[in-house]
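Undergrad: Sequence:
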Amino acid sequence: MATTGTNSFRVSDFRAALGAGSRANLFKIKISGPSSLGTDAFASVSVLCRSASLPSSTVGTIEIPMNAGRRLKMGGDRTFAEWTSTILNDAGFKNRTLLERWQNGIVKTNYYKSVIGNRNAGAGGTTTIDSTSIGSAGNSGLYGTVEIFQLREDGSSIDAGECRLYNCWPSDISSIDLSYDTTDAVEDFTVTWTYDYFQYGAPDSETAVATTTK
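FYI, the numbering for the sequence shown is 458 to 671, going by my numbering.
Simulated from the structure, these hints should not be mistaken for laboratory data.
Misleading hints may appear alongside valid ones.
[To be verified] In silico BS3-like links for lysine-lysine, alpha-carbon gap of 25 Å or less:
1) K485 with K551
2) K487 with K530
3) K551 with K530
[Said to hold, decoys possible] Ranges between beta-carbon positions, derived for each pair:
4) A477 with T554: 51 to 59 Å
5) F550 with I519: 25 to 33 Å
6) S614 with L475: 47 to 55 Å
7) T518 with G612: 17 to 25 Å
8) A473 with R535: 53 to 61 Å
9) F466 with S513: 27 to 35 Å
10) G612 with V564: 33 to 41 Å
11) N524 with T649: 27 to 35 Å
12) P522 with A473: 45 to 53 Å
13) S503 with G533: 21 to 29 Å
Because the structure is a prediction, the values reported are computed rather than measured.
For every residue, glycine included, the Cβ atom is placed at its ideal position computed from N, Cα and C.
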């Protein structure tokens, strides 16, 4: 009996279903940070972000015991995994410095400083409040949005491959290893992002798939 339809092993059917395929090296990242960091502060990230991923989420399982040792399995809470990106370090440390300022606006280090250079008010120093905060305690001062764009070969964005991470902030900025033994290499660092939820698809489109917490 001849095999037809979805069970066909013809190469032409496989090629038609795959098309050009989505390429892992065709992507762009856009970071919109707190307004106090400046407009388009992370503009160069779209060029210098060397690797990233499309985010994942997990739905937990609730098991309810039943008679005869059986169990009813129901969907539980949905959680969103932290997202990471690796960024090439520019010569002026611009992006890394901005990310550190972003973290400092959330939780300050050495919050009080002395006008005469002491670390605290001891030794007779006059204590003042460090004014390096990036913003007030509101969404505009703490959180941002990360956009991930899957691109076609002509550079246009694939709507279904667009993803946005809402209310995100850099929870971890990795170290940069230094060594005399390292040659022919450019520094990079990894940023771990924490966020509330993500949304796939072009914003405000009928095809957008919203993922929200409940």
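Undergrad: Identify every previously stated hint that the structure contradicts and give their numbers, smallest first.
TA: Numbers 2, 3, 4, 5, 6, 7, 8, 11 and 13 - these are the hints that the structure violates, sorted from lowest upward.
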